[in-house]
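If you read the protein sequences in the order shown, they are chains Y and U. Position 71 of the first sequence, counted from 1, bears residue number 71 in UniProt numbering, the numbering being contiguous throughout. Position 33 of the second sequence, counted from 1, bears residue number 33 in UniProt numbering, the numbering being contiguous throughout.
Don't read these hints as lab results, they were simulated from the structure. Just so it is clear, CB atoms sit at the ideal spot from N, CA and C, and this is done for glycine as well. Please note that the accuracy of each hint is not assured.
Label pairs and their calculated CB-CB ranges [what the hints assert, rightly or not]:
#1 U:110 / Y:107: 44 to 52 Å
#2 U:95 / Y:198: 48 to 56 Å
#3 U:83 / Y:41: 51 to 59 Å
Okay, the calculated bits of chain U under chain Y, using three or more residues with CB under 8 Å as the criterion [said to hold, decoys possible]:
#4 154-161
#5 211-217
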Amino acid sequence: MAAAALRLAGVSVGYSGRPVVTGVDLELRPGQRLALVGPNGAGKSTLIKSVLGLAEIIDGSATVLDRAPAHARAFTGYVPQTGNLDPDFPVSARQVVMMGRYRRLGWWRPARAADRRAVTEALDRVGLADRAGLRFGLLSGGQRQRVLLARAIAAQPRLLLLDEPFNGVDAVSQEAIVRVLRDLSAAGTALVISTHDLAVARDLADLVCLVNGRQWAVGTPGETLTAGPLRQTYGSSAIDLADGRMVLVEP
Amino acid sequence: MIEPFAVPFMGRALTEIALLALICGPVSVFVFVRRLSFVSDALTHTVFPGVVIGFVAGGMDGLFTGALVAALLTAGVLTVLTRGARLTDDAATAVVLTAMFSIGVVLVSRRTSYTSDLTAFLFGRLLTVTPRQIAETAVLAAVILVALAIGWRAWLFRAFDPAGAAAAGLRIGRLDLWLNVVLALVVVAAVRAVGTILVVALLIIPAAAARMVTDRLAVMALLGTGLVLAAGYTGLLLSWTASLRYGVALTAASAVVLALVLAYLLLLPVRRWRDRAPVERTSPHELVG
Chain Y
1 MAAAALRLAG VSVGYSGRPV VTGVDLELRP GQRLALVGPN GAGKSTLIKS VLGLAEIIDG
61 SATVLDRAPA HARAFTGYVP QTGNLDPDFP VSARQVVMMG RYRRLGWWRP ARAADRRAVT
121 EALDRVGLAD RAGLRFGLLS GGQRQRVLLA RAIAAQPRLL LLDEPFNGVD AVSQEAIVRV
181 LRDLSAAGTA LVISTHDLAV ARDLADLVCL VNGRQWAVGT PGETLTAGPL RQTYGSSAID
241 LADGRMVLVE P
Chain U
1 MIEPFAVPFM GRALTEIALL ALICGPVSVF VFVRRLSFVS DALTHTVFPG VVIGFVAGGM
61 DGLFTGALVA ALLTAGVLTV LTRGARLTDD AATAVVLTAM FSIGVVLVSR RTSYTSDLTA
121 FLFGRLLTVT PRQIAETAVL AAVILVALAI GWRAWLFRAF DPAGAAAAGL RIGRLDLWLN
181 VVLALVVVAA VRAVGTILVV ALLIIPAAAA RMVTDRLAVM ALLGTGLVLA AGYTGLLLSW
241 TASLRYGVAL TAASAVVLAL VLAYLLLLPV RRWRDRAPVE RTSPHELVG
């Protein structure tokens, strides 16, 4: 069996020694899709940052492709939330995707035909080849998310982490993103997707990790996205309906 | 109207401005996208005491060294202070700015030629630029352009998406220090010609003005350089005409900066017009959500 794409054993992560998420135990193999599910503020982003070596591993051991997180960045990709980016920033969609090639380009080397081809291909895969020249901020929220996904693809990562990729994303973009993610995992890329959308998690993930301050459950969607673990994870935000079903409300 | 620039000191002033234009166009783009206007302002003010101490110790050559030392020191201090990008960092930057500037004023006020010295430090002596100063500016400009050529990619990524850049393995702290050092070098290069106050205009206005007419970074840089050149030419001519024809003493550097500000104001309506102009929009079903 190939080496694990991600292995977290008894991991606590946080900032300046203060844990945000504790007790995370999971293993992700190449080509597997992991959904991090939990309410807002559960620590999903912090957990993702720790895999990128940007948040502190306070306890336990974390290995990314058999390396320490900070030493695996050449093989990991990251798709941030678009909401954090300035829509007025004067860059085109193409320039944003080219940023995915910067690591290969290094400081000096000008972009070559191969780099430009990779950028065009990545934009094509997310269905935005015709928008390449447009300023990033002029695209819709869903399209911006797809551009950021294209940027990650252009770097050809072996482990790709996406922070709430479906937040504020229209149906067309969501469909495009899901299709690309399925293709990527079929080609062997391991995926970590944080979301608070249970339908997306059920539909897309092989493995679900329920987090809210700590890991509450990990397993297949069938094992985890059930009343018991969800009630534990969401606490008072989980409301039982009379017919045995349950709704989750954001506090 | 070429004739005034045939006069040696006018020609030297224009050469100096041209060298500054070359670096200020691209550097101001990064000041703009990193929102470093306030940091640049702080840098120009903190250089002031260095300029005074340098001048007192060693005249115009000492001024250069003093500015260089002060600028590099503050580049480091400001990098540390602005790390978190919180409101308190702004306050800390302002404290450093005012403290250092006050020290500079106290130092300069101990001199007998207080007023003329202060004016020279604050607004520069563009018309007395020497060939040696031009050579020094040229060397600094070359260093800055090389630093830009190496850094622009990483700076761009870091400015657009700090978390993404860090995730891609870029070291944000070092990149910020590097950019601040480049800003500091620009201040040092420009300080004798345009003074500590006006150099901030060269660091901020070119890209801010260019941004009104373009969305493209490379065009912003080129246009910024063009604007400084045009403002330099116009300002020098204005200052020349005002003093020779009308007997009005108009500081050359202030005239240059005023011309630059004028360009900014003239371009403002373009931005408004562009904002109102319909942009190419996505198909309606993609706007949902």
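Hints, verified against the model:
no.: 1; hint: U:110 / Y:107: 44 to 52 Å; verdict: holds (46 Å)
no.: 2; hint: U:95 / Y:198: 48 to 56 Å; verdict: holds (49 Å)
no.: 3; hint: U:83 / Y:41: 51 to 59 Å; verdict: violated (24 Å)
no.: 4; hint: 154-161; verdict: holds (count 6)
no.: 5; hint: 211-217; verdict: holds (count 5)
Hint compliance for this structure: hint 3 is the single one not met.
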